[in-house]
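Colleague: Starting from the known structure of chain D, fit chains U, A, V and G onto it as the hints suggest.
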Amino acid sequence: MNAATPFQFPLLSLMLWLPVLGAVLCLVCYKKPDLPRWVALITTALVFLLSLVAISAEPAASGWRLLEDCSWIPSLGIRYSLGMDGISLLLVILTTFLQLVAIVISWRQDKFPVLFFPLLLILETGIIGVFIALDLVLFYLFWELMLIPMFFLIGVWGHEKRIQAAVKFFFFTLTGSLCLLIAVISLYLLHGQQTGDYSFALDALKQTDLTATQELIFYLCFMAAFAVKVPIFPFHSWLPDAHAEAPVAGTVDLAGLLLKTGVYGMIRFAFPLFPHAAEKSLPVLAVLGIIGLFYAAWIANLQRDIKRIVAYSSISHLGLVLIGLAAWNQIAWEGSMLLMINHGITTAAVFIAIALFHRRTGTRDIEKLGGLWQSQPNLSAFFLLFCMASLGLPGLANFAGEILILIGTFTSHSAWAILAVGGVLFSALYTLRMVQGTIWGPSCEPFERQDLLASEWLVLIPLAILVVVLGCYPQPLLEVLRDPVSLLLQGGHP
Amino acid sequence: MIVPMGHLLILATILFLLGLACVIAWRNLIMILIGIEVMLNAVCLTLVGASAYWQRIDGQIMVIFMMAMTSAEVSISLAMVVYLQRRKNSIDIRDFDEMRG
Amino acid sequence: MIATLIFYILGAIAVIATLIAITRRNPVHAVIYLVNCFFALALIFYLLGAPLVAAWEVIIYAGAIMVLFLFIIMMLRLSPTTDPSRYSPRWVQWLPVLLIAIALAVCTMLLTGMDNLSAEGVPRWYASPRDFGYSLFHEYALAIEIASFQLLFAAVGAFYVGKPEALRGVKEEGR
Amino acid sequence: MTSAALIALIPQLILALGATAVLLIGAWLPMKRGWHYVGALLALVAALLSATVQPAALDVAGLYTSAPYARFCSVLWSLTVAATLFGSGRYSDQRRFGGSEYTSLLLFAAAGMNLLSMAISLVGLFLALEAFTLVLYILIAFNRNCNRGAEAGLKYLVFGGIATAFLSFGIALIYTASGSFMIAEAFNALRAGHDLTPLGLAGWAMLLVAIGFKISLVPFHLWTPDVYQGAPAPVSGVLATAAKGAVLTAFLPLLTLLGDSGETVRQIVWLLALVTMLGGTLTALVQTNLKRMLGYSSVVQMGYLLLALLVGGVSGGKALLFYLVVYTVATFGAFAVITSLAQETRELQDYEELAGLGYRYPKRAIALAACLFSLAGIPPLAGFFAKFILFRTAFAHQYTGLAVVGIFASLVSVYYYLRPVVTLFMRQDEKRIDCSGSVSEYLLLGGCCVVLLLCGIFPEPLLALVAAVFP
Amino acid sequence: MALLLTLTLLLPLAGGVFISCFGERVAKPIPVVVSCAAVIASFLTCLGAFSAAGEGLRVVLFSWLKSGSFQADVGLHFDPLAAIMALMVTGVASLIHLYAAGYMHDDPDQSRFFALLNLFVFAMLAIVLADNLLLMFLGWEGVGFCSYGLIGFWYRKTENANAGRKAFIVTRIGDLFFTVAVLWLFKLFGTLSIETINARAGELGLVTVTILGLLLLLGACGKSAQLPLMTWLADAMAGPTPVSALIHAATMVTAGVYLLSRLFPLVSLSPVAMGAIAIVGVVTALYAASCAVGQREIKRVLAYSTMSQVGYMFMAVGVGSVSAAMFHLLTHAFFKSLLFMGAGCIINLAGHENDIHLMGGMRKRSKPVFLLFMAGLICLAGFPLSGGFFSKDQILATAFAHGDPFHLAIYAVGILTAAITSFYSFRLAYLVFAGDYRGEEQGHAPSGLMIWPLVPLALFGLAGGLINLPHLFGGHSWLADWLGQGEEEFHLSVHSEYLLIATAIAVFLIGLILAHLRYRRFREPAERVVGRFLLSGWYFDGLYERILVRPFLYLCRFVWVGGEQGVVEGIVYGFGRTFTHWGKLLRLMTNGRISTYLQGFVWGLLVIIGWFLLRSVA
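Keeping their order, the protein sequence lines are chains D, U, A, V and G.
Under the working numbering, the first residue of the first sequence is numbered 1, with each subsequent residue one higher.
Under the working numbering, the first residue of the second sequence is numbered 1001, with each subsequent residue one higher.
Under the working numbering, the first residue of the third sequence is numbered 2001, with each subsequent residue one higher.
Under the working numbering, the first residue of the fourth sequence is numbered 3001, with each subsequent residue one higher.
Under the working numbering, the first residue of the fifth sequence is numbered 4001, with each subsequent residue one higher.
Next up, chain D with everything else stripped away, as it sits in the complex (with noise of 0.2 Å):
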């Protein structure tokens, strides 16, 4: 993975700049309020093409399957290298999709579309960059990257305690940045004095030796940036706020993206940087993500904002992939992943269907909602099946990957898996409860009584049908998982 490899087609350069690309041309063409929603659709319909192609490189000897890596500021040590494998992929992937979904599902977004289309397709920049830097000045640019389109999305097209949601958002994260910065640039004056050579590569910077209080200094710092994205249990108080104020597509992207940015930075970074600390780290990670199953899904089973309830039902969600992760094994880790993306589409899926009953009733509070299967059946149907999904209902998509952290856990940790599967219970509590609260029972007066629009099949049905293939088949996406979950395994632990 130095210069020495040969010239390919640039083809992860281009994913990642052609939103840019895009975001420039939705501000030139500013006069007519329509463009910009065609030129981000247009856009990111190529980006996932581009993803999907990305399928067909076949991982190399290293477990990269794209490499790219070229000088950018030498006299800083900065390079700018990419690299996609495996877990990288189905991430993009996930991106992708998920911001087609936004966009479209946004069409009909009329406030200052000429700013919210390009800071949609910024973020998607920034997303798909944190999956694929390997240098960790580039990994924090795009890392930091993220935020200030989330910000605006929440601020500006956000619902009543917007501003406030946003602020909240960004100093947490911001926090937890620039612990991260600090530990990048004393990591790599450390081993530049060791070495002599400065630089930001990762695989440079893991031959750095260090002394345990270091390594544990510079692994908390790292994940302190890390624990707020995720988010792991104390540092989560941002994420109700930004996910109920959020609008659609933001949340889509919150849920869905922004959260598993946190998970890969962790697997990508803290734990090859800093194995011994790791390990250390795991019972506590373990400890930490029951807490977060349980905490978040008892708050939850209290909300009447319903977006309020999905958003902790995210956060118990993640406490499991961070049980699965702190159980350390094939099984469990590829669990982890495989319950990120399929937890990415229902939780975006269940947004979105939520969304559209905001849009037809005009509000999200549970008492005032009720009864909604009879005048929309086929959006509550939808709701019914993602609401499912999400309880981790076998054969739907959640259940594979939640399953298989479960046993991998067990394996090695019996009691933390026990406590999991208990957590789980409460997840259908709080689920149906929402179920209940929202298409079951007397019905409330909705403005709108249509049901789907032509636009909402369109992203609707594809959802449904991954919930359902993820569910059921969601072998291919193991056999890709495989090697780097491996790879990963061994390079993080002693």
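Watch out, some of these pointers could steer you wrong.
In the DSS-like style, the derived pairs of lysine-lysine whose C-alpha atoms are separated by at most 30 Å in a straight line are [as the list claims (entries may be wrong)]:
id, chain 1, residue 1, chain 2, residue 2
1, V, K3431, A, K2163
2, V, K3363, D, K31
3, V, K3032, D, K32
4, D, K32, V, K3431
What the hints contain is simulated information worked out from the structure, not anything from laboratory work.
Modeller: Only chains U, A, V and G this time, still in chain D's reference frame:
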């Protein structure tokens, strides 16, 4: 040299700080400017003394520049005084605290 | 020897004059006392072998600047009769100021007095106008230019700021 | 005063003589905006020359040097002034103070700043500093229909005078201790073992007070917000960028020349940096006026820059220059936005008035947002790399504690940089204030944004340039 | 064969998917036709594949989850047990579909109903045919979801929806234990294949087996509404009658029994677990029977009786006779679904009146319904030579045959329960059919589609004894042989068998007579504590409300208000407040006064000078 440099410095310091005291104590713009003049003169004294001590001429030359600078500054300051007097009909600096926080 | 004695006397005069000057209620008196101080300083300069500087001290400071002050004071009719209490600090206000000033003075003097720049071996020094002028217009020619520019633009500024008539047809800045 | 010296001085001469010429001709030829453009042109030419002309001799009459470092700075300041002149046409016309005086004063200020960054002799330093300070007294109070302008002028005048006194006393003391005005010699003479002679320290104390005033370090910073608020927006821009930058660039060699004997001084600078970063940040948090907030932000930024000064030497210098460039562009851009949002009679300063302007004036609002984000150090804007390099340098030179404090401060600072953005974009505008801009302003802002973005994505060229500046 | 088996499983799925996707968009009858066709076809294919069951048939469709050492296929395993069960499920389901076609005839959204019904059949078949526990778990949860959707089918009434949710949650609690058992089994054996597990069960230690057994028991309790997880079944009657007939009588509630019989080789290794199963079964049987006596709604009576009959099945497993369990399961499936559908007809006759105290005289209204219903009732009550009689008797006999006091006690309670059973059966009969109509509703006669499917069920129910006729009556206990347990059946001495049969008949008669005396002519019963106690199912709901639900909600509130809003948010906003507070303080320094600002200068200078002085003194 007629006196030790140290004594000169002491004298200069006293003058300088007297000027400073004047600046701090007075609310009257004119008096504040006067205080500044005093401080500058203390500086001139130091420079002259130093040039005598080091037997070098450039200390005195610096004094000339300071005088030029001072006169320039004074002209502007007094113009400002006039201007303020005309605007607010006061040269009490306590009357100029519109901007705060 | 005499010179030294005169120096101390002059120094005392300068300090006292300044002390009185900065405590006068009436700016005019202050200016007058300050002129005294400047004369004393001018003499000290002379004793230190800087006749030109002494001359300029008298001409520029005592002559030009102070007169300018007087002129402005007269022009603005800032007599103490206009409510003296408004402008002048009371003793209560002087007290902390003096404390601070003394503290500073002590510190500075201790600091400056620490390395003794004694006058031994330093001969009398006399900067003749000739070599003064020489070095002024050789080494420091550029500086002269800059100073002259300064004066020019100071004049411009003073003129601009002091322009009596307010501009017509411009609404007062709201804020 | 040799001819080589004159050649080396050409840019500054162009500025000064140009200023005079503009003044004289302007008396006969009263055109308003035209003079701005003439002046901008002159400044540009000066910048161009100082960028291109490589003088034979570095030393200029024993007062100044035309080393690459100095030339880099003079380019920077000349450009700033040129931009100010270019962008403030409409603003000054509406207030009827545009024209030859304004132009010539700014040009002369530019000359002063250039000379200040070039000074190698305390006399030269003193003269240059005074040159543009004097001009700024006038420029701050230049809008004669505004009480706040007058008040700001007064405040700057009083403190400027006192600072001058301190500066000159410091110089005098150093001269007394060393017997020379040439900085290098003087500081060599000041050394006593690995510390300075007491007299030298006394001189340094006075210098520090003066410098602290000029670049507004806590606790000498209190005048800053008031003056920025009262002065006309373009002038505030110059105050916040060039005026401070020039002093900093003159300060860097002073501190560097002390070498290892400057331990005591560095301790004080360390302290100043600490209190400046913390005090400035905390006070800025509660501001509700854009110009005041920018004032405090400039205070905090100076605190960061002190880190680079402490490190000193080549690496510190590089970090300093890079940061200074980025800071100048961003801050200047912010003030340019204020300039361009200003109406006939008033500037929009309070956040309340900015509410929702982002919808009706998206271009300028975005520009402001970009500048503020850059100041906050959020990628992909240049501010990020500026901070990155700065803190990296600090870490590398064992100023870890201060660097961490700095990072913490910049974290908190995000809050007050976000507030205007939030009000611009996320509030509804009730009172539909109308403030149309002019083309030149748009060009200027566009330029700023482009620079910020480019330096944020490809900092390499600027880094290389900065590296080339230090031999 | 493999194809047939696959079709058996997939046909209902196909039907369900088709209806749920296009049901709304096609002409009205099509969904009904499709679903009935799908189920009947699946019944036929099952029948076709039946012969292959003898030597066991295995089909692997595709690999579902494969990761590391873990692998779970979508694989079917068709052995006698599965075969008999599958046949029953599809058969009963077909009849019920037909019945439902009539029952739901004019319901606006039939298609949702039939889609769920088909999906349910699929899920149930998945349980039955699964060759590994994960697939079984899929079916297990699937039936849960379908019953959730079907109980709350008339969702406009909140209590219906609540009943559905309750059913889901309570069964889910049981599922937790099942899940843990599955995980553990994987950890132990490295596979989830049922065969392997059964084969290698012997390797396990006694404690492990016991714990596993108990876990599985709890899982089964959830689905089969046994103590302590039985509270949902009575409420589940809120669903449409065919649903009650199919899910809550014939199939889903017996899934627990099936699970235990499936893993019998494992479970039977632990006497403790077996004992626990038996106790749970018998206690539930008694409890439910007692509740059934007190009920007023006809469907709730049947619900409780279902509960108690399933209790009998558990008891059978507990006393170690899978064949007896399956035997009772089958007969019960027949007569209980018959009873439910009959109840549906009766409710129609009574004009959608549920309360048996407001019925009576139904015999006059519709002869056929009366006959069919009575057929079911006597099976339930254990009328000699009826299917129910034989199956129940075999269970009791097996229990008795152990001979040790524990089993004798179980036998005793079983007998007692039998008495109560026959009592409430005939109570029901008298209240519904005897006398004159006491309500004022004007009912309507059920359509033919609702009558005819009952006939075969009635026949099966009455003649059900034949499939496992004891040797005493000249039978060859075919079922036991078929399940390969013929030889391990206990053979009692002839006279003790006669004794047992005599007691069975005796208790039947006792029940009958008591009911006759009490309910021959209708008397409005006085409100009595006992009555209310039984009516409310021993106040178990209130109890759980108090000891589980409320504390849980308090916990949630505590976590939310105390933890989230109090601590977490508090810390976050605390930071902000602190900073702004300091900012405000510092801001006071900038008060616009030049003199104040000068102070800054002076103090700064003082500090600097002072520090320098200190340094140079030192």
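Colleague: Evaluate each hint against the coordinates.
Modeller: Hints and how they fare:
Taking the CA atoms of K3431 (chain V) and K2163 (chain A), the gap is near 37 Å; set against the 30 Å cutoff, the hint is violated. For a cut-off of 30 Å, the pair hint linking K3363 (chain V) to K31 (chain D) stands: about 13 Å separates their Cα positions. Taking the CA atoms of K3032 (chain V) and K32 (chain D), the gap is near 38 Å; set against the 30 Å cutoff, the hint is violated. Distance check on the hinted pair: K32 (chain D) and K3431 (chain V) sit about 27 Å apart at the alpha-carbon level, within 30 Å; holds.
Comparing the model with each numbered hint stated earlier shows that hints 1 and 3 do not hold.
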